[in-house]
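Per our numbering: the sequence shown = residues 1 to 291.
Please note that the accuracy of each hint is not assured.
[Unchecked claim] Once the Cα atoms are required to be at most 27 Å apart in a straight line, the calculated BS3-like pairs of lysine-lysine come out as:
1. LYS57 x LYS21
2. LYS257 x LYS200
3. LYS88 x LYS144
4. LYS200 x LYS238
5. LYS57 x LYS42
6. LYS144 x LYS192
7. LYS238 x LYS192
8. LYS192 x LYS21
9. LYS21 x LYS81
Honestly, the hints are just simulated from the structure, not real lab data.
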Amino acid sequence: MKYFDHNRPDIHYSTGDQVIKRISINRSKLAMLYSNAMTVIKEMHPNYFIQDPTEQKIYQVHVSQLRSISSDRFDIEEEVKNLCDIIKCATDFIFDTESAIHSHIPALIQVLIVQEDQKLLLVLLIETTHLPDISSLRFREIQKLFQYLFRTGTNLYSWGSLEDELTRFQIYQLFSVPVPARIFNVQYIFTKWFNEYINKKSNDNNSNTTDNDDSVIINAPEIDSELFLPPIMMNHLKVINNELWSLQDAIAYIFYKHLLKRETLRSWYLPKNQITEFQPKILSIDRSNYP
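Given these sequences and hints, build the entire structure.
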């Protein structure tokens, strides 16, 4: 692994070096983010061939578009500034949080930034047990990022009560609850919608009516041995027991897919030397502790 001053004009890489590639997100604002880690497989300076180990794709990239991986010297201020520029242009954000599987320490905030005019989906991962020192400039920049996320006029979506989830993360002093943004509990909305949809569908079938403006199609069959119960019966049990739908049940009955929880059940609260296996796909607030 190579460490260097990024402003030097004579940067060279060697075969086998780990690098990250710049990704242009919004050309009008010149916002730049970086890819996941890639490996240099061929040198033709100033151009290099690099390979994505996840997708096995090979890219030919000019040296100016590359950066060496060095978590201790990564320009976190520049990354957060670019993220703030992107967030200020967006209004819709999907949230989820995770805690360590054994200690239950609040450890990870995940934010999907919804951009209508962009094909690339940006997922922001903030590992709260590896934040910079609270008195540092870097910590204040991350606080500012949350101010933009939670500003008046933004819409925050989550499966379950986001207020309850965010409250647990107040110990890190990144933000305070309640937030000015509008919060939507999609789990509650889905439960109400599914009950109305099932009842409307049943009434339409009984009256042989084909006039239905609802464009959502439930792919799960009326009776299937792989499903625990047919949709109408499952919904009835939810209603009489006053239960909300779990995300796994909702995915199974709407999309006929099984959603694995395995990847979320991890020891997210890990020492610095044990987290190298978790490579962020697009971007992540740095995992290192800063002085």
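Taken at face value, is the distance from the CA of LYS42 to the CA of LYS57 at most 27 Å? holds (14 Å)
Please work out if LYS192 and LYS21 have their alpha carbons no farther apart than 27 Å. Since the Cα atoms of LYS192 and LYS21 sit roughly 44 Å apart, the hinted pair is violated (cutoff 27 Å).
Given the hinted pair LYS88 and LYS144, is their alpha-carbon gap at most 27 Å? The hint holds at about 11 Å.
Quick one, are LYS21 and LYS81 close enough, alpha carbons at most 27 Å? The given pair, whose Cα atoms are some 18 Å apart, holds under the 27 Å limit.
Is LYS238 close enough to LYS192, meaning Cα to Cα at most 27 Å? Holds, because 10 Å separates the two Cα atoms, which is no more than 27 Å.
Between the alpha carbons of LYS57 and LYS21, is the straight-line distance 27 Å or under? holds (13 Å)
Are LYS257 and LYS200 close enough, with their CA atoms no more than 27 Å apart? holds (24 Å)
Sort out whether LYS238 lies within 27 Å of LYS200, counting only the CA atoms. holds (17 Å)
With a cut-off of 27 Å on the C-alpha distance, tell me whether LYS144 and LYS192 pass. With Cα atoms ~35 Å apart, LYS144 and LYS192 exceed 27 Å; violated.
In summary, the numbered hints that this structure violates are 6 and 8.
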